[in-house]
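Q: Protein sequences appear in the order of chains A and B. If you count the first sequence from 1, position 67 lands on 67 in the UniProt record's numbering, and the numbers rise without skipping. If you count the second sequence from 1, position 203 lands on 203 in the UniProt record's numbering, and the numbers rise without skipping.
No lab work stands behind these hints, which were simulated from the structure alone. Cβ atoms here follow ideal geometry from the backbone N, Cα and C, with glycine treated the same way. Misleading hints may appear alongside valid ones.
Unchecked claim - FRET-style restraints, in silico, Cβ to Cβ:
id, chain 1, residue 1, chain 2, residue 2, range
1, A, L63, B, R279, 50 to 56 Å
2, B, G232, A, L63, 44 to 50 Å
3, A, G28, B, A451, 44 to 50 Å
4, A, V100, B, P344, 28 to 34 Å
5, B, L32, A, V100, 49 to 55 Å
6, A, A16, B, W7, 47 to 53 Å
7, A, V100, B, V332, 21 to 27 Å
8, B, T245, A, G28, 33 to 39 Å
Unchecked claim - 25 Å max Cα-Cα, derived BS3-like pairs, lysine-lysine:
id, chain 1, residue 1, chain 2, residue 2
9, B, K280, A, K123
10, A, K123, A, K34
11, A, K23, B, K302
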Amino acid sequence: MATASPKLLLIVEDEARMTRMLKEALEGEGFSVKEAVSAENALMHAEQDHPDLILLDIMLPGLDGMGLLKRMRQSAWGKKIPVIILTNVSPDDGIMTGVVRDEPSYYIIKADSSMDDIVSKVKIALGMQPIQAG
Amino acid sequence: MVSPIRWLSSLSVSKKFYIIICSMLFVLLFGLGSFWMAMTTMSAIRAYVAGEGLWSKAQKEATISLGRYAISHSESDYEDFLRFLRVPLGDKRARLELEKQSPDLALARQGFLDGENHPDDVNLLIFLFRRFRHVSYLDAAIQVWMRGDAQIEQLIRIGSDMHAVITASGMADESASAALGAALVPLIRENEALDRNLTLLENEFSATLGEGSRSIASILLTLMTALSALFGVLVLCIYLVIARTVTEVDAAKSEFVAMVSHQLRTPLTLIKWSVERLRKSDLSVLTPHGRDDVETMHAETKRMAAFISDILDASRFEAGTLIIQPYELDIVVAARTAVAEVLPAAREKGLTIEEAYPDSLITPADPTLLQVIFANLLSNAIKYTPKGGVIRLSLATQPQGTIIVVSDTGFGISTDERSKVFSKLFRGKSATRIDPVGTGLGLYLVKSILAAAGGSIRFESAEGKGTTFYITLPREGMRSRKGNIHLASPRADR
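Chain B with its partners taken away, still in its complex shape:
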């Protein structure tokens, strides 16, 4: 038999996430349902407590009215007695209806309304009665209620007897009055005894309901605690599954990237170096086509090597967090070194590089990332500037930080392509025509590095006149960042 963990591990990432989402939804809905149930139940219990208060008050008033009637013999007191009894009788009608297999809820509702319950509480009273009728505490409370209703029937009988006795007596003389008084005494005593019994029943009803309320609160608390714990465990499991999945995917990706770097670059290195050697040999023995082929091989191997490195850098950059390790360095020295690197290519193309720097400009920066920024901007300027053009690199300190300006007298960027210049893999139409070797990743990497380091980049361009890139490094230098990605080849110059 396959264990659940093994089974889960064998599923695809998307299926794992479906299961996670479904489990979360189930627990969430169950939790919400339980919460709704808890709130409704507690509100319903409160409604019964309030209803019991109204019932008791009405019963007391009825008893008092009957007592008063026994003395006053006033019909209005008797009518008060009957009016107060409408409350327990209304509640009784509702109870009897709800006890039926298929109750008429409209009748039950009207009964509770006659019992002077708040209209908003009526549905809660019906809900609790129907859902929890046979739960021990509510069952006990309803038994007490039934006994109370039986006592109310007796009260009605006492009232009815009293009314008959008083109506029958003419009260014509003193002896008749004495006889009436004597006839009423047992009824008055019975009324008082009934009141005492009902008080005991009312207390029992309240105590039972209170006990039930506390018990339900305890059950709900346990349920909510269990649900919270279940939710917590589920979240922990989800976290573990996600962490494990991400780790596996990361490891697979890193392994793939390492394999790609090595397996693609190794034969490419051999081809590239062989072509370099070939170019240094006497090519006059070849036909013009043969010489063209050698140049094509040279250009294409360079292009492929650059493309592989850029793709690997971009992929690693997106998969992880770029490490930025700034330390105090002289950007002037870094700029001079970067210019020295590209000077042969510029000279070969007949371009001039002008440099304008202060004596020194010390600021915290990551030398490797600075090298990537300089190399990309300078090599772009060289690529897209025609023979005889000028490239200018200047550095300055301004209140907002260190400003690096790279300008050229090149072809410029067309208006409709300006918004896409920093997009990944974007290559303008003229860029593709002028330099088919480019990858469209250089400026994307530069902008991403600057964004991570707290800097910024913008440009101005005029078609046929040239482009100027303005880079701002924060006044406090590049922002340090922990991560797991070293972007370019590190160089440890000593």
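For reference, chain A alone in the conformation it holds in the complex:
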């Protein structure tokens, strides 16, 4: 169901062109989008803006995405925020431990997904679209 104000999304991604493309696609669907290029930057934005959903890359300069997710889940404001891992890294043991513990809504390999898939997953995670999209 549409709300009066658009849902706020935070894209945590250090690859600027990728962020730009995602931002355009998501804004085209009516979302409001903020960007962060590092985990530290993302924490600052998230604490301040309390986004409705975070699209999170894993390989980031400094603290990585799974570290950021863990830190978020330990804080009161970040416990329930839906997170979609958006990465090109195949999951290893460490990542899987974080996935099980910190419950992201999806773990998406960017190269295997279209931007439409990602927009669709964002909507599902926010309860704006049923899971069985077919």
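Please build the complex by placing chain B on the supplied structure of chain A, with the hints as guidance.
A: Chain B alone, transformed into the frame defined by chain A:
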């Protein structure tokens, strides 16, 4: 100076393994050689103990025969005396031959055989004498043996003197008989004294040999213990080298895989998304060739992305152990979700997907792996079924477990390619023609997952009519397995 550990670390893996194999072979051969030596030595000592028994028995019999001869004056007793002496004399011939610089082993062998030693023991007797002649215990025993032989020479002389005295006496009357008796008395006493001396020498020989035997057994035990310890240490070192090498190779491989995933996928993502955006824009400004080029880029980037993921999955799958984390889930829901994922592609191609499920089918299964199985079989069915075709997905419970059936009305698999369908990177001729985007890894992964999870897969196919895959999940559900490989992208739907 380079330390051995640093030197070993600098070697290539193959050289390390050559060194390991050579060290193992050396220790193994040394161990086997030592064991052979130990067994042969102990057997040889046993043969000497047995030989000493025969020597002593013969000497005693000779002494008794001589004593009897002194009373009976019977030639047969004297002949017995001489016959019993052949044993110590045979052994003596063997000893004297073996003492030479270049002994005639045939003569030595014959000497020991004359000493009534068992033919199988003769070589052992020669072996011990030649190899350990100057080892203290054997040397002492041989000195005793030499003294014994000297006493045997005296015994021969006593016998010879006695024989001469008895032969010379006519025994014509009582006085002559008394004179003979008087002449024999000192010889009889000498014979008895000699016997006592020889008994002492025989005891000394046995004691020396026994002492030597115990000493050699102790040395061999120490040697075997040291060898076992050396072998154990070597095995431990080998284990450490292998563990370290495998860890290094694993780490290098994981790092390489991570680098490949990120470095290849990142530019590919950008190209893929750019092409997707391009396809959504107005392409009418392009020439037909230009539009074809956009479609080619779209198809090829998808193909490359799928190929990279499949190759990474297959490589990780082979490098480690696939983790299977089953929990009770409704396979009907999983099947419906999988169908929903592929429905747009099926519709685009004008295919119908028919579903036949029970209301629910709860069984322990790993949702991620189940997703990989469904996705691969359904996408294959869509790829290889021509427009207007039907794909059927059905689920059922049977005594052997949960049965998943995926059938299509597609092109089918040719007879000569059926045996290779589950092989890694195999692509049939028609598959390559129909779908150049495929990687030939999907069914290989499905079969490998099912094998690891305790399930199975088989298929029936008729060319031009279609293919049906039958998957069986064990009745107790997917088998849980600890490991280090998560195969596909995990999805944590909430």
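Q: Output the numbers, in ascending order, of every earlier hint that fails for this structure.
A: 1, 8
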